[in-house]
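Throw the hints in and build the complete structure from the sequences for me.
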Amino acid sequence: KAGVTQTPRYLIKTRGQQVTLSCSPISGHRSVSWYQQTPGQGLQFLFEYFSETQRNKGNFPGRFSGRQFSNSRSEMNVSTLELGDSALYLCASSPGTSNSYEQYFGPGTRLTVT
Amino acid sequence: GNSVTQMEGPVTLSEEAFLTINCTYTATGYPSLFWYVQYPGEGLQLLLKATKADDKGSNKGFEATYRKETTSFHLEKGSVQVSDSAVYFCALLMDSNYQLIWGAGTKLIIKP
Chain A
2 KAGVTQTPRY LIKTRGQQVT LSCSPISGHR SVSWYQQTPG QGLQFLFEYF SETQRNKGNF
62 PGRFSGRQFS NSRSEMNVST LELGDSALYL CASSPGTSNS YEQYFGPGTR LTVT
Chain B
172 GNSVTQMEGP VTLSEEAFLT INCTYTATGY PSLFWYVQYP GEGLQLLLKA TKADDKGSNK
232 GFEATYRKET TSFHLEKGSV QVSDSAVYFC ALLMDSNYQL IWGAGTKLII KP
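Just so you know, the protein sequences line up as chains A and B, in that order. According to this note's numbering, the stretch in the first sequence is residues 2 to 115, in order. According to this note's numbering, the stretch in the second sequence is residues 172 to 283, in order.
It is possible that some hints are incorrect.
Claimed, not checked - Simulated pairs of lysine-lysine, BS3-like, Cα-Cα distance not exceeding 27 Å: (1) A:LYS58 - A:LYS14; (2) A:LYS58 - B:LYS223; (3) B:LYS248 - A:LYS58; (4) B:LYS220 - B:LYS278.
As the list claims (entries may be wrong) - Partial chain A-side listing against chain B, Cβ under 10 Å, derived: (5) GLN38; (6) PHE61; (7) LEU84; (8) LEU91; (9) TYR102; (10) GLN104; (11) PHE106.
I should point out that these hints are in silico values taken from the structure, not numbers from a laboratory. Cβ coordinates follow ideal geometry from the N, Cα and C atoms, glycine included.
Below you can see the structure in the form of structure tokens.
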């Protein structure tokens, strides 16, 4: 099975711009979660989508949003970028059911905001 | 709330040494527990897991036992290699919300 893919791998944006990141989960997985990883804050949960519905949400401002398509691919959008949004954004794929929920991660998208 | 506490790093060991990375958790209910590893420049890989008390997860020579009485899930390996150098994350997941809660990570450095 192909693993989780994330595009693009690297991005450089300017403050105030917006950005969209993409994640393709493992075939058959219906859950996609997004995490932000920074040296200072570690790994923080953004949100999780299951069957096109947001099932869980972390404590991030409304500038961070996401969606999931019928083929389980997911996108994450960050509007009005701030310097503090510079981070590695990780996507995780999971079957997402109560008896099968371990998460498999993509390589991440490294976002740099200048 | 639910939380995970890991020993601070970096942990520096010589090749073939015995490894323990401590992880304790606080959770209301009965979480599943995981160890993930992140090699330099790469994403996170699931290393091992345990879903109930007294379960032992194992993979690539690493082991961890889910100890409900001490709320711990310590990672161990009998003989580490230079290739084990990475950052190790302990995490818990409540099946009520499918959200992984992470420890801060422990950087492991193995010297030849």
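**Item:** A:GLN38 as an interface hint toward chain B, with CB separation required under 10 Å
**Value:** Since chain B brings a Cβ to about 9 Å from A:GLN38, closer than 10 Å, the hint holds.
**Request:** For the pair we were handed, A:LYS58 and A:LYS14, check the Cα-Cα distance against 27 Å.
**Result:** 25 Å, holds
**Interface hint compliance - A:GLN104 to chain B, C-beta minimum distance less than 10 Å** = 6 Å, holds
**Item:** Hint status (Cβ of A:LEU91 to nearest Cβ of chain B, threshold 10 Å)
**Value:** 6 Å, holds
**Message:** Min Cβ distance, A:PHE61 to chain B: is it shorter than 10 Å?
**Reply:** 13 Å, violated
**Item:** Interface hint outcome for A:TYR102 [beta carbon to chain B under 10 Å]
**Value:** 6 Å, holds
**Prompt:** When the nearest CB of chain B is found for A:LEU84, is that gap smaller than 10 Å?
**Reply:** Nearest chain B Cβ about 23 Å off; hint violated.
**Request:** Please work out if B:LYS248 and A:LYS58 have their alpha carbons no farther apart than 27 Å.
**Result:** This hinted pair is violated, its Cα atoms lying about 35 Å apart.
**Message:** Holds or violated: B:LYS220 and B:LYS278, Cα atoms, limit 27 Å.
**Reply:** 19 Å, holds
**Interface hint compliance - A:PHE106 to chain B, C-beta minimum distance less than 10 Å** = Nearest chain B Cβ about 4 Å off; hint holds.
**Message:** Check the hint pairing A:LYS58 with B:LYS223 against an upper bound of 27 Å on the C-alpha distance.
**Reply:** OK: A:LYS58 and B:LYS223 at ~25 Å, within 27 Å.
Of the numbered hints stated above, those contradicted by the structure are hints 3, 6 and 7, listed in ascending order.
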